[in-house]
Amino acid sequence: MTVKWLYYWQPSIGVTMSSQTLSIAIKRIEALHGVKTSRWQITASQFRPNQREPVPLVECARELLGVVFSEVPDKYYFALRQEHMVVEADATMQAIMEKLQVYRNRLTILFEGFQYELGDFHIKAGRAVLAHTENLRGIVLEVDYKPLSSVEQSRRVVQDFMEVWQKGETTGQFVPLDPNFSEFNLPDLYSWQHTALQYVTLMAFVFSQQRT
Amino acid sequence: MMQSGYFSMEKYGAMQQPSPTPSTPSTGFMGPRSSPLFSNAVDQPEPPPPTGQDVDRPNSMSSGQDSDQAPPRHLANALDGLGRAVRHIADVRSGADLLLEALDAAAQVRSHGAGNKKPSDRIQKAADAMRIALDALRATGKELEAAGVLNGAQQRFEENGLWNSPVPFVAPDGWLVPYAWKRQIAGQAAATAYERARLALKAFTEQKRRFFPGLAATTTSVTGTKRPRSEGSETTDTAEPSLPDLLRRIQPETQGMVVTPYERLAWVKKSNLKAGMSTTFASRVLTSNSSLSVRHGNAGTPQQPPQAGVDNPTSSTRQAEKIAVLEASIPSVLVAVVSVIPAGSLYPDAVALFSPAEAGGHIQAWGVSQHKLYQRLSEHVTATLHQLLQQDRTSALELLLRWLLSYRTLFTQQCSVCKHVMAYDGPSDLIFPPLVRPTPRATVPLTTKNAKTEESNADNEALAYHLGCVPKGME
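Taken in order, these protein sequences are the chains called A and B.
Count along the first sequence starting at 1, add 898, and that's the number in my numbering.
Count along the second sequence starting at 1, add 203, and that's the number in my numbering.
EDC-like, lysine to aspartate or glutamate: derived pairs with alpha carbons at most 20 Å apart:
#1 622(B) with 1058(A)
#2 575(B) with 1015(A)
#3 575(B) with 928(A)
#4 622(B) with 1061(A)
#5 1065(A) with 628(B)
#6 1044(A) with 561(B)
#7 934(A) with 1015(A)
#8 973(A) with 986(A)
#9 525(B) with 466(B)
#10 1044(A) with 1086(A)
#11 328(B) with 338(B)
#12 973(A) with 988(A)
#13 1044(A) with 628(B)
#14 1044(A) with 928(A)
#15 1044(A) with 969(A)
#16 321(B) with 304(B)
#17 575(B) with 628(B)
#18 575(B) with 1058(A)
#19 925(A) with 1061(A)
#20 925(A) with 1067(A)
Each pair of labels, with its calculated beta carbon distance range:
#21 978(A) with 573(B): 27 to 37 Å
#22 672(B) with 921(A): 31 to 41 Å
#23 674(B) with 925(A): 28 to 38 Å
Anything over 12 Å on all C-beta distances counts as not near chain B; from chain A, calculated:
#24 915
#25 941
#26 947
#27 969
#28 976
#29 994
#30 999
#31 1030
#32 1034
#33 1070
#34 1102
Keep in mind the hints are simulated off the structure, nothing from the lab.
Think of the CB as a built atom: it goes at the ideal place given N, C-alpha and C, for glycine as much as any other residue.
Taking the hints into account, I'd like the entire structure generated from these sequences.
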């Protein structure tokens, strides 16, 4: 699978973030003759166990972070931070969890936007909103370098690409998200599990930003 | 009449299986026969107008028969009439199909016991259509005969001998005939061409040997004679170093790159097989030779496992002669496919680069990658290959492989000029890593211009340039 790198928007000091940023980013892509291809949407949710009974349940994960991708609608990915695992489940998992009521959905963030093609790069530009509100939480960029499948090989490539692409932007910059794949026992060969981990980390970051 | 015939063919076309109908007299029907039929022999009257069986008969008359005598109007009429005849024949044929269908439907209906009013209607309709078409054909035939178009056609058909080949069986479905003919003639032409080429080559090599005794015997031989091979690893001046030796020599020096030989057919099978595999599987397969031979052990051809060439050089001679494709893969970076012609020799013919994740039948030495980066890289590598071939044919392959090894830092090394990894590639909007590596020179100095680069091959490894950053002296 081809490697994806996530970038989130960090506004410069004193500048507030708005959806204007996203349109600026899109304009930049189109200036380089990027071709708009499709919409994309990724839903990241945070689950906490339902502690209604006074007796705690059999040991279960304290926190589940789940992600579903519009490109892979039949799979649901979970990242467990304490256990350092990323697992893949069927999409019916959501229905099962609803029925069982073991875990409760605390927060959900929706990442959505458009996908563009720029030569060998496929770029997803979008915004992060809190589900069921129109609260803009952040601007997100996902850069997918098609020729490569190895995380290490593509690191420098994508970094340089973003440098070139962002040259001259004063209102802020896109900062790369570098989750430690090795901590979660993920190999160098990229896969959807890597993507799940990235988005989950991004979600956690967005939450932490909100609190400050 | 003509119009209705044509449109009725269209209408029925939807109901039956498509049968190729020549719409003009100048299609393949006439092809092999139109040219010799220009003679104006005296002729006997034409037999009665043809039925649907002898489809080739009305078309054996040449449109050019009257061309040297008849004024254009006659010619136009003749062509017209012939066209009409062709369409009527088509109608007849389609009518026959329709009839057959109707009969079939009737038989089915009868067996199922339903009312058979409808099928008999269909049969009636079909029979009527055919009758009409046959009548029309007869009428057209009579017209043509009256106009003198068919004169001499019979005699011409017989006297020309038709390229000295027996007339193929005239199938009831006439369209098979010209096809079979065309194939036969093409086959003969191909066989003759091959024979002649072989004889010519034999004659030339004979002469060459006679007039240029000093010229070393080349290895290209279409006749397939076995050329003398040097067993083991010693190479003499006159005999060429063999491919397995080269591979063995290169292997320990090129850490990070794995070169795997294949027979041509085995490679085709492998690339088609990979098209169905998932990418993770494919990349794992690429990065380990042993697993490769295990997984494809029963892919069909008994291909040479690469280790065997190292272990027992004596038995590898036979398989080495069939090696035609080399796959040089740098894990996670690129896969290069090099084609060697003739099989088993040292002369690279074509090269192409692909992403390690790519799979599919297009991964051949002449193929094109899906990614723009590898496309551009393939172009560059091919240009360099030809450069190397021009300089020195025998060492071209070795130099090429060593040079490809220098691309293992394709994505991580920055350009020596602009200090970035990615940069715009010329006028296009594409962004590439540095694609240019200094081409290797042989250890023996070839030209004085390259004196500087050859003294430190190690330094060359660190040089890399973007396509737009290449310093002028290196071009």
